[in-house]
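Based on the hints, put chain B in the right spot on chain A.
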Amino acid sequence: MTILSTKNLKKIYGKGESEVRALNGVDISVERGEFVSIVGTSGSGKSTLLHMLGGLDRPTSGNVVVDGKNIFSLKDEALTIFRRRKIGFIFQNYNLVPVLNVYENIVLPVQLDGKAPDKAYIGKIIDTLGLSQKLRNLPNNLSGGQQQRVAIARALAAKPAIILADEPTGNLDSKTSQDVLGLMKITSQRFSQTIVMITHNEEIAQLADRIIRIEDGKIVGPV
Amino acid sequence: MKVKNRGCIRRLGFRQLKAAKVRNFIAIAAIMLTTLLFTSLFTIALSIKSSYEEYSFRQAGGYGHGTFKEVNEEQWKAIAGHPKIKETGARTVAGYINKEPFEKVPAEVSWMDENCTKWSYATPTTGRMPEKGNEIAMDTKALEALSIKPKLGEEVILTYVVFNGQGKEVTRTDTFVLTGFWEYDNLLPVHYINVARDYVEMVEKESLAQGGTKFRTDLNVMLSSSIGIEKVMQSVEKDLGYQWEDTGADNCVRIGVNWGYVASEAGSNADPVMFLAIAAFICVVVFTGYLIIYNVFRISVTNDIRFYGMLKTIGTTPRQLRRMIRYQAFALSAVGIPLGIVLGYGVGAVLLPVALGTSDVSVSKLSISPVIFAGAAVFSLVTVCLSVSRPGKMAAKVSPVEALRYTEQSKSKRGVRATRGADVFSMALANMGRSKSKTALVIMSLSLAVVLFAILVTFVSGFDMEKYVSYQIDADFIVSTTEYFQSKFLLGGGEVELPRETVEEIQKNTSCSLEGCSYSVSGCVAYIREELYKERSFMPEKYINEYLEFAERKGELIESELLISGLDESLFSKLTVLEGDIEPLKDKDSHKIAICVDVDDYGNPYGEYPDIGESFPVSYLKDQYYVDSRTGEPANESTPMEYLKTYSDQVNEVDYTVCAKVILPSSMGFRYGLSGGYDALLSTQQLENDSGMDLMRMYYLFDAKDDMAEKEAEEFLAEYTKDDASGLMYESKKIIREDFKSFQNMFLLIGGVLCFIVALVGILNFFNAILTGIITRRREFAMLQSIGMTGRQLKSMLVWEGLFYAIASGVVSLVLSIVLEPLAGNMFEGMFWFFTFRFNIIPVFFMIPVFLLLGIFLPLAVYRFFKGKSIVERLREYDG
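Here the protein sequences come in this chain order: A and B. With numbering that gives the first Met the number 0 applied, the first sequence covers 0 to 222. With numbering that gives the first Met the number 0 applied, the second sequence covers 0 to 879.
The set of hints was computed from the structure by calculation and includes no laboratory data. Where is the CB? At the ideal position from N, CA and C, for every residue including glycine. Please note that the accuracy of each hint is not assured.
To be verified - DEER-style ranges, computed between Cβ atoms:
id : chain 1 : residue 1 : chain 2 : residue 2 : range
1  : A       : GLY169    : B       : THR312    : 21 to 31 Å
2  : A       : ALA119    : B       : ILE841    : 46 to 56 Å
3  : B       : ILE855    : A       : PHE190    : 15 to 25 Å
4  : A       : GLY129    : B       : GLY432    : 21 to 31 Å
5  : A       : ARG20     : B       : ILE774    : 31 to 41 Å
Claimed, not checked - Part of the chain B face toward chain A, derived, beta carbon under 8 Å:
id : residue
6  : MET426
7  : ILE756
8  : MET788
In isolation and in its complexed conformation, chain A is listed as follows:
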């Protein structure tokens, strides 16, 4: 079952001479439970693609369908709500809220939705990610790997349809990177999550079920 698909997705910055085609007609589709990595050099358009997939930015043309919903048909406010329910994000620089503790950061998307967190489920995530000892710590007291594990937990907390990871190991050393990626993979399997990860690192990309290559805004590798 296809959980995510794009159709002729284009994003063009600027006009005339200075026109930059960040995305030049991208068509991809991702099945439920898949772990897909999108690989490309810097400037290839991979980050733009991820932003589009997550509904953070609007395309110049084309559309993105997540869980059967054309997300750009939604207004900003509705899109944000759709996002917090259906899409989880993991960023290179973790992006945790500094004034909230680990647990509060993890349940933030659920609470923003005005729902009570599913304690059993969240407890399982915390256990899997080995965070149970750190729940009351503030983010700046954690190591980079720990912070990224919190970010993964946060991405999973709302039981989204899909998790989008933007260079999740970009700020981590190689040992920690391996750990984090391993955890990502384990959790995605255990909680049957779909993950789309972008990276410029071939080695890391290899851990995914499938690799999509992007170059100059176009898909060039196996789809």
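Chain B only, in chain A's frame:
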């Protein structure tokens, strides 16, 4: 080793400055407002001083520092050439007119040189000074008195008394042509009628030929400063071999110091309340300025901390970093201070008339003293330096490694936080603790304005009008001459009584329940015990001893001033008898007298007085004149004040026995006191009987029959005394109430302006906190939005933050007001006798809704302004 790196540091500082536009705007505004407060304070303070000086100068007739009197040609040249004399202005008086139409304010016919003309306020505004022949210039009021149209070229026929130094009056009439005129100032003691020098010389020659003396030429001088005028003038005389004491000698040049300078010096020095108020004001302004400038710089250094850390890693020293921040502060001051000075001067100029409105000073002269501008600039700079020193240290102290990962947040060691949930409300609350000092400074800054306002309202509303009114006036109406109300009755120029016809006219037009007059006589001295004299004297010890040496004695008793009133029996009900009985006063031959006891502002009697039953003689002096107490000769102009003594060839002496001590309401006495003298009270018949002199009517007092009559009387008197020329004034409860209200309003307005600007600073500080809070967290907000926080939730988080500021400020204001109000109230009660402290917390509650509105709308407005960029752009905005 000295390295020339200042330029580089300065350049870095300026570049950094350019990058922080919003901060600069707020910092400049803060510095400007601080300077504005300083400038307006100094403008008002110094302008009150200069207005008071101007007022004194006009009353004294000019603003020259002093006068060398009756100089000859040679002395004139010598004095003018002395290095201590900056400028001279000469004047030769030919004569005067003190009869119709100048019986009230005399006119003097004289030649003045250009300086003297300027210093005497006699520069023609139309036309020019007289130069030769029969040219003449004078003020418009004098022209009007002479029935001459104020038109250049008009013919002026003038009859005046020529100064001939002899007993008999020689008058002279000449025809002149009007070459200039100017507006008369009511404060001037004389009408200057100026003529040409050659005319004066011609008249002098003719007068000499008829056996007169030479005209006197006085040399007015300006010294390099107005400090110690008398000493400087004396030293000039010593240098030139003159002296000023032995008036008979040839080398005598008498000295006169413009008392305007003396008066204004005395008036400006000794007011501890004023001094305290100014000091308090400066403290408030420094504190206000500190709160915001410090906060602005602290926030900006925190935000730029990576930049400073980076500079440190490449080898910038802490000193250089501190200097960089100082440069920025100075550059911002260079814009803010001049703006503040200009605006502050404007505000000061607008408020000056209000500040002066309640004083006797009827002249408003805006000071242009450089002290205002230099003072304001210095105080502002000091405030700025104080404010940026800590942020400078912060930047200097930063560890380069730390700085690279520094984000603004609480430096709590715990690093843990109890789980409270991650809803918008608790996130906002948690955000308040990110930078506790920022939050605290903003809350202090906002609260300061409210607390000041609360104290101001307590202060103004604590003024007890009825207490004040009943102290100021003890009747519905008191009518008298202008001189009486100016506290000059029977003093120099105040030998004017209230005419009987006036009283009759008022009686005809009003209906009263009680009425009566008070009288006195000119020339009356008492002989009292020496210790009582000493106790009653407010002169310096030196003068008292000199007086005791020369004063006339009757046995053990010593001559002293006596302010004696003869009060109509109908007014006895207004007296408060403290001791004894006033019934004997009603018998005109009783030779009993009542002593008026001084009371302080709170109504408590104080001082030493003759005892009940004690007797003392009083001498009524008819046709008195002044003698020099040292020589017994008739006094002349050079006799020092302290040796002037009244003397009469006809003396009527009465031995009085004290029968009562009473409180005479201050509005019913002479309205002044004399050193070493008493106020004493007789009945009108007694005074008439005992003195054998014509009584001088001091005032007419009446209480209206009812409210209606009071209103009618008020209208009648207002109309009746409207014309200045009538020489009449009146006091009524209504006038006192209005005076009081304008006094109250002065505080309200000036204090209100202070509160308003302090509030503005507080709001600016608040605005800066919200603004920088949003700017620095733009990326964090983008992240929050990316994980699903809606715009609405984000806004409500910001609004909650704003509301927390507002609520905290409200609570702090409330607590501070509750603590400080009674303290301030006690202080005011000690300072103003008509102040009654009433606890009033309403102003705080009045301000809280304002804060709440600000707390809601300020974050929304700022957010609206900054939300433009998309989430992705903001997410990328990392590390600049």
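Unmet hints by their number, sorted upward, for this structure: Going through the list in order, the structure violates hints 3 and 7 and respects the others.
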